[in-house]
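Could you build all of it, start to finish, from the sequences and the hints given here?
Chain by chain, the residues run as shown.
Protein chains: 2
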Amino acid sequence: MNHFSYENLFGFSAALLTTIAFLPQLFKTWQTKSAEDVSLIMLILFITGLICWIIYGLKIHSIPILIANIITFIFNFSILILKTTYRKSMKQ
Amino acid sequence: MNHFSYENLFGFSAALLTTIAFLPQLFKTWQTKSAEDVSLIMLILFITGLICWIIYGLKIHSIPILIANIITFIFNFSILILKTTYRKSMKQ
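Chains as they are written, first to last, in our numbering: chain A, 2 to 93; chain U, 2 to 93.
Each statement offered as a hint is correct.
Same chains, same names: a pair is fine if it fits in one copy or spans any two.
The list that follows gives simulated cross-link-like pairs (lysine-lysine, PhoX-like), each with its CA atoms no further than 25 Å apart:
hint : residue 1 : residue 2
1    : Lys89     : Lys29
2    : Lys84     : Lys34
3    : Lys34     : Lys89
4    : Lys84     : Lys29
Just so you know, the hints here were simulated from the structure itself, not pulled from any lab data.
Here it is in structure tokens:
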């Protein structure tokens, strides 16, 4: 357990919080069936950034970067799909 | 320029994209004066996570982690302030 330093505690908390943060957003979007106020450009830029993080994680063989960003990608991609679906059904 | 490898290109693009992604969200919230669909719990968890990243960046003396997370913190804290302000003015 010598890897578990004071610094790493903040690093792990940071990675955990900035990853699970999108779960309540996903739940809210699914529950209210609306994501009008969520910026589409934000989602596209953020998801593209997450793909870059995943490639970076693969290239430098970093499991924490990979895990955190794959989970964040799944949450944000789901929010994007819900947003696009609800927008389409509103227009009909 | 020997630090500028193929891996780092993805790393820098990733950091840039996941940082500037929140600028269109901030602009949209300011323009529409509404952030009802943006989850408050997401903002709180994400901002707490960013504070942990900043502390981690300070502890391990990482300038890229510090810069990226301070900028992301400013954008998200501004979105939180706008969301709270617009919610209050709606209730009045």
